[in-house]
Amino acid sequence: MSTAVATTGGRGALTERLLGGSRARRLAYLLVGLLVALSAVRVISGEQALTSSSTFSAALLLAVPLGLVALGGLFSERAGVVNIGLEGMMILGTWGAGWAGYQWGWGGALIGGAVFGAAGGLLHAVATVTFGVDHVVSGVAINILAEGVVRFLSELLYTGNEAGGGVTQSPALSSRPPSFSLPLLSSGPDLLGDLEDQHWFLVSDIAGVLRGFTSGVGVLTLLAVLMVPATYLLLWRTAFGLRLRSCGENPAAADSLGVPVYRLKYIAVIISGALAGLGGVFLVFVANIYREGQTGGRGFIGLAALIFGNWRPGGLAAGAGLFGFADALQLRSRTAVVALLLLIAVLLAGVAIWQATRRKLTQAVLAGAFAAAALVGFLTIDELPEGIVSFTPHLTTLLVLSLASQRLRPPKADGLVYRRGEH
Amino acid sequence: MKLSRRLGLTLLAPALAIVVALVISAIVILLIGEDPAAALRVMVDFGDGPEQQTQAIVVVLNRAVPLFLAGLAVSVAFRMGLFNIGVEGQYRLATILAAAVGAAVALPGPLHVLLVIVVAMAVGAIWAGIVAVLKVTRGVSEVISSIMLNFVALGTASFLLTGPLQGSEPGASIITTAEIPESGWFPGLNGLFTGLGLAEPRTELYGFALVAVLAGIVVSVLIKRTRFGFDLRATGISPSAATASGVDARGMVIKTMLISGAIAGLIGLPDLLGTSHHYGTEFTAGLGFLGIAVALLGRNTPLGIALGALLFGFLDRAAIPLQFEGIPASVVTIIQGTIVLAVVVANEAARRITRRQAERGNAVVPPSTGDGSTGGGQGPDGLPPDDGPGSATGPGLSTATGDAGRTDQSQGVQR
Numbered sequence: 001m002s003t004a005v006a007t008t009g010g011r012g013a014l015t016e017r018l019l020g021g022s023r024a025r026r027l028a029y030l031l032v033g034l035l036v037a038l039s040a041v042r043v044i045s046g047e048q049a050l051t052s053s054s055t056f057s058a059a060l061l062l063a064v065p066l067g068l069v070a071l072g073g074l075f076s077e078r079a080g081v082v083n084i085g086l087e088g089m090m091i092l093g094t095w096g097a098g099w100a101g102y103q104w105g106w107g108g109a110l111i112g113g114a115v116f117g118a119a120g121g122l123l124h125a126v127a128t129v130t131f132g133v134d135h136v137v138s139g140v141a142i143n144i145l146a147e148g149v150v151r152f153l154s155e156l157l158y159t160g161n162e163a164g165g166g167v168t169q170s171p172a173l174s175s176r177p178p179s180f181s182l183p184l185l186s187s188g189p190d191l192l193g194d195l196e197d198q199h200w201f202l203v204s205d206i207a208g209v210l211r212g213f214t215s216g217v218g219v220l221t222l223l224a225v226l227m228v229p230a231t232y233l234l235l236w237r238t239a240f241g242l243r244l245r246s247c248g249e250n251p252a253a254a255d256s257l258g259v260p261v262y263r264l265k266y267i268a269v270i271i272s273g274a275l276a277g278l279g280g281v282f283l284v285f286v287a288n289i290y291r292e293g294q295t296g297g298r299g300f301i302g303l304a305a306l307i308f309g310n311w312r313p314g315g316l317a318a319g320a321g322l323f324g325f326a327d328a329l330q331l332r333s334r335t336a337v338v339a340l341l342l343l344i345a346v347l348l349a350g351v352a353i354w355q356a357t358r359r360k361l362t363q364a365v366l367a368g369a370f371a372a373a374a375l376v377g378f379l380t381i382d383e384l385p386e387g388i389v390s391f392t393p394h395l396t397t398l399l400v401l402s403l404a405s406q407r408l409r410p411p412k413a414d415g416l417v418y419r420r421g422e423h
Numbered sequence: 424m425k426l427s428r429r430l431g432l433t434l435l436a437p438a439l440a441i442v443v444a445l446v447i448s449a450i451v452i453l454l455i456g457e458d459p460a461a462a463l464r465v466m467v468d469f470g471d472g473p474e475q476q477t478q479a480i481v482v483v484l485n486r487a488v489p490l491f492l493a494g495l496a497v498s499v500a501f502r503m504g505l506f507n508i509g510v511e512g513q514y515r516l517a518t519i520l521a522a523a524v525g526a527a528v529a530l531p532g533p534l535h536v537l538l539v540i541v542v543a544m545a546v547g548a549i550w551a552g553i554v555a556v557l558k559v560t561r562g563v564s565e566v567i568s569s570i571m572l573n574f575v576a577l578g579t580a581s582f583l584l585t586g587p588l589q590g591s592e593p594g595a596s597i598i599t600t601a602e603i604p605e606s607g608w609f610p611g612l613n614g615l616f617t618g619l620g621l622a623e624p625r626t627e628l629y630g631f632a633l634v635a636v637l638a639g640i641v642v643s644v645l646i647k648r649t650r651f652g653f654d655l656r657a658t659g660i661s662p663s664a665a666t667a668s669g670v671d672a673r674g675m676v677i678k679t680m681l682i683s684g685a686i687a688g689l690i691g692l693p694d695l696l697g698t699s700h701h702y703g704t705e706f707t708a709g710l711g712f713l714g715i716a717v718a719l720l721g722r723n724t725p726l727g728i729a730l731g732a733l734l735f736g737f738l739d740r741a742a743i744p745l746q747f748e749g750i751p752a753s754v755v756t757i758i759q760g761t762i763v764l765a766v767v768v769a770n771e772a773a774r775r776i777t778r779r780q781a782e783r784g785n786a787v788v789p790p791s792t793g794d795g796s797t798g799g800g801q802g803p804d805g806l807p808p809d810d811g812p813g814s815a816t817g818p819g820l821s822t823a824t825g826d827a828g829r830t831d832q833s834q835g836v837q838r
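Protein chains in written order, with the numbering used here: chain A, 1 to 423; chain B, 424 to 838.
Possibly wrong hints are sitting among the right ones.
[As the list claims (entries may be wrong)] Computed spacing ranges between beta-carbons, pair by pair: (1) A:366 x B:455: 35 to 41 Å; (2) A:223 x B:775: 56 to 62 Å; (3) B:641 x A:385: 56 to 62 Å; (4) B:461 x A:383: 41 to 47 Å.
[Stated by the list, open to error] With the C-beta cut set under 7 Å, the calculated list includes, among others, these residues of chain A facing chain B: (5) 137; (6) 141; (7) 152; (8) 213; (9) 287; (10) 381.
Everything labelled a hint here was simulated from the structure, so no lab data went into it.
Predicted model only: the values in this text are computed from it and were never measured.
Glycine included, each C-beta is placed from N, C-alpha and C at the ideal position.
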């Protein structure tokens, strides 16, 4: 969570004053501050889409697959296995979900996707743990392989299939997963919706955010959100979690204490694949069908969210949320992305001031210059062309990462091949 | 005696890998109820007439040239333990800008081509340079930043294509940039076939192959014979040791990424200058990612990469004939993925065998794999760099002479 603080240097001076506070308190201040800033930007720019409930429900929709993939990455990397193959495992997951889903409905899709993803994880584990192949290399190979395998399976099973489908897509799922809305507040009388439509400063924004998060929430979304604290509890509050993390920090020491390093790494990487597969299942649920290329590089972005989140469940959820928000915004309204420039300008100006107080002049000047550029951009640009808008989330991630990353600490033995008795 | 054993071990890995990949692919083909032997026959069947055969060879070579450049770009970074996954974005952005510049100017032949090449290399280098600067100054992992920059590059390219650089008629189904005038085309090499008394193929063999060979030789010399190359390899094997001996690690990151990006800029040029003469929505995609696979296959040495690129080009050519025989073309992708995985596993296994022998007291020098398994900061079991001839060679090289340096040079003379 320390990264989250570092990323929002916007309230630089404030953060410094609050450094003594507990982490939860700092986080709360941070969220409130961000919301106020967003709300102010919305009022100034008149872009209602910035905090509308539809943007936030879309953000949630886009953040969940990333969060699931990032959680998958967390398991694997905490056990010391770098997992570039998440993209491939996600691809396998989408295919598994499509194949099982059209036959046995959404429940089947859930299991099918997880199993297919886990199979990818197993392959990665065999290559990296048993054969000691470089982790990145094995991951890249799995990505290539996954693409070939799903295309092959589609050609094999879907061409000439009576249920529909073809070389690049599956038949539609036979049942849709159920979704929930909070009664009274987000459905029926829809009190939050009414409040949102008033467009009051801050109040309507909060209503919009809450409504976005509580109306029409799918089963898997719920599951994914619950999985974040569950993962934290599993990895940081149980003996199993401690042992698993010890494999990522110092496997030789763990081994000497009787921790079954190889077995734990296997378990971690297989769970990792299953979670990435579930991320794929979510995409299939959204489209109600498997389509080739559905993942669109989300496996990689999930990995970025993991690193952004400093290899912690809360942090990666924040990373996925940020990315999902930027993505939702660019999908919903191209003009709202321009308003985002104002937010960036404000945040960067904050960073500049913060760095100046710490006497880091180069950084301060650099941040100030970028802040000015963003402000000029906001004032002069009306609407960005489609090609440019499409990479808003990626650019945002890169920007945030380059402002924050010096505080990151990966697991110590992450990416190192561990051979028993060679250390 | 010593040599023969070493040779055997060097050959063991690739041979093992190819056997494993073949067996797995055969099982896959068997599973769909087709005959693996028939599939193999289709793949090696280059056609009946001499014209068809030379044509097939040209198709393989034309595919191999960009793949070779892609592998080369990835390998330079790999040798230093840097993972340039952003080759894809680097070459796409470089190609569209080079295509635009090439179409905008009119210069006498060689100068025109040179300008396009320089622009492409500069764009690729700058784009890769961003990754390096972010890594050095802000500590951003190059894997993540280059993935993100891939998306930015592809978005920018599509914006440029549909916006300021659009050269095709509005409403056309395939959007392209304006065509490069004929002075900016790279002449083909079909004279080679007729000169050798072979039938002339239908498509031109890319003249850019010569540039690719040149690039391979330059990289080979740079890495093996210069101070810079030594620093690069040293940093790749042990960053801390290199820094301790006075290597400027930050400067090395930036220089290496610039070189890698500059080579990446060349990837799109064989197609651009050889056939299409414009960048469009149909332009060859995915070469950057395949380049990673080719680099791994070739164990990061130019000659090995060339062999890997030829193998991939050969497999890609087989996709369409396979389809005609009722075998899904995706079998090719599966074979490619399996080969890469099998090669890295086999390399690791062979390394372990040599290591065990060395520990037993035999003075067998472990072959330096250099496929990233000794690269990415492996720490404790990083092996000493082996500068002797034949050490840093690609898997298939020793079949020829077992002497890397010599084959390397004779290769250059031949072409």
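Now the hints, each set against the structure:
Range check, residue 366 of chain A to residue 455 of chain B: Cβ separation about 57 Å, and the 35 to 41 Å hint is violated. A C-beta distance of roughly 42 Å is found between residue 223 of chain A and residue 775 of chain B, which places it outside the suggested range of 56 to 62 Å. One distance hint, 56 to 62 Å for the beta-carbon pair residue 641 of chain B and residue 385 of chain A, is violated here, with the actual separation near 39 Å. The hint said 41 to 47 Å for the Cβ distance between residue 461 of chain B and residue 383 of chain A, and at roughly 57 Å that hint is violated.
The restraint placing residue 137 of chain A at the interface with chain B holds, with a minimum CB-CB distance near 5 Å, inside the 7 Å limit. Interface restraint check: residue 141 of chain A against chain B, minimum CB-CB distance 4 Å, threshold 7 Å, status holds. Checking residue 152 of chain A against chain B by beta carbon gives a least distance of about 4 Å; that is within 7 Å, so the hint holds. Evaluation of the residue 213 of chain A hint against chain B yields a violated restraint, the C-beta minimum of about 27 Å exceeding 7 Å.
The criterion of a C-beta within 7 Å of any C-beta in chain B is not met by residue 287 of chain A, whose closest approach is roughly 20 Å, and the hint is violated. Against a cut-off of 7 Å between C-beta atoms, the interface hint on residue 381 of chain A is violated, since the closest Cβ of chain B lies about 13 Å away.
Consistency with the previously given hints fails for numbers 1, 2, 3, 4, 8, 9 and 10, ordered from lowest to highest.
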